[in-house]
Amino acid sequence: MKVRPTVQGDIPALQDVLNSTELFPSEMLPDMVSGFLSGGDSSDIWLTCEKDGTALGFCYAIPQDMADGAWNMLAIAVLQTEQGRGCGSAIARQLEADLKARGQRILIAETSGMESFAQTRDFYRKNGYVEEARIRDFWADGDDKIVFWKSLRVSKSAD
Numbered sequence: 048m049k050v051r052p053t054v055q056g057d058i059p060a061l062q063d064v065l066n067s068t069e070l071f072p073s074e075m076l077p078d079m080v081s082g083f084l085s086g087g088d089s090s091d092i093w094l095t096c097e098k099d100g101t102a103l104g105f106c107y108a109i110p111q112d113m114a115d116g117a118w119n120m121l122a123i124a125v126l127q128t129e130q131g132r133g134c135g136s137a138i139a140r141q142l143e144a145d146l147k148a149r150g151q152r153i154l155i156a157e158t159s160g161m162e163s164f165a166q167t168r169d170f171y172r173k174n175g176y177v178e179e180a181r182i183r184d185f186w187a188d189g190d191d192k193i194v195f196w197k198s199l200r201v202s203k204s205a206d
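Taking my numbering, the leading residue of the sequence shown gets 48, the next gets one more, and so forth.
Calculated from the structure, these hints are not laboratory results. Just so you know, these numbers come straight off a predicted model, no measurement behind them.
Derived DSS-like pairs (lysine-lysine); straight-line CA-CA distance at most 27 Å:
id: 1; residue 1: Lys173; residue 2: Lys192
id: 2; residue 1: Lys147; residue 2: Lys173
id: 3; residue 1: Lys147; residue 2: Lys49
id: 4; residue 1: Lys49; residue 2: Lys98
id: 5; residue 1: Lys197; residue 2: Lys49
id: 6; residue 1: Lys197; residue 2: Lys173
id: 7; residue 1: Lys98; residue 2: Lys147
id: 8; residue 1: Lys49; residue 2: Lys173
id: 9; residue 1: Lys98; residue 2: Lys173
id: 10; residue 1: Lys147; residue 2: Lys197
So the derived label-pair ranges between C-beta atoms look like this:
id: 11; residue 1: Lys98; residue 2: Gly189; range: 34 to 40 Å
id: 12; residue 1: Val54; residue 2: Glu162; range: 32 to 38 Å
id: 13; residue 1: Gly87; residue 2: Glu162; range: 36 to 42 Å
id: 14; residue 1: Ser90; residue 2: Val54; range: 14 to 20 Å
id: 15; residue 1: Ala114; residue 2: Gly82; range: 19 to 25 Å
id: 16; residue 1: Lys98; residue 2: Asp184; range: 36 to 42 Å
id: 17; residue 1: Lys49; residue 2: Ser163; range: 29 to 35 Å
id: 18; residue 1: Gly86; residue 2: Asp115; range: 22 to 28 Å
id: 19; residue 1: Asp184; residue 2: Lys49; range: 36 to 42 Å
id: 20; residue 1: Lys192; residue 2: Gly86; range: 29 to 35 Å
No residue lacks a Cβ here, since even glycine has one placed at the ideal position from N, Cα and C.
Generate the whole structure from the sequences, applying the supplied hints.
Below you can see the structure in the form of C-alpha cells.
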C-alpha cells in the first residue's frame, strides 16, 4: 500500500469508494477536489491510498478557521471490500505525519453517534483519537455529532 497526494486520475476510483461507502454522493467529488488539483493556493489536503496502482481510499482535511494549528479531517473512506486491511490507518498516519512536519498542533474528526457508525468510531479510537465532544441531536433528532481529537505534538518522554 502506498499513500500519496490525490491526482486527477484517481477520481473515478475514488467515486467507486464513495459509492461503496455512501459517505457522500460521488458526483460531488470532482468539484470538492478541484481546488487542490489545480495547484492553486488551496490549503486542503487530499491523500489517496493505492494498492497495485488502484486507488482504494482517501482522506480530505482542511485547516480549522480561526484556530492556530488545528485541522479537521472532513472525510476518510476506504472501498468497502478493503476495509479493515490497513488502508485507512495508513492514510491517517500519513496525514498526521504531513501535518506534524508543518508544525500543526491538533487534528479533529467528526462523525455520527448512530449505531451504523460504530465501526467508524472504533477506527478513530484504534488510531489514537480521543472522543472529545458529543453534541446531542446535531445531525438529526437522535443522531449525535461525535468529535474525535488527536494531538500532533511530538511526545516527550519523562527522563
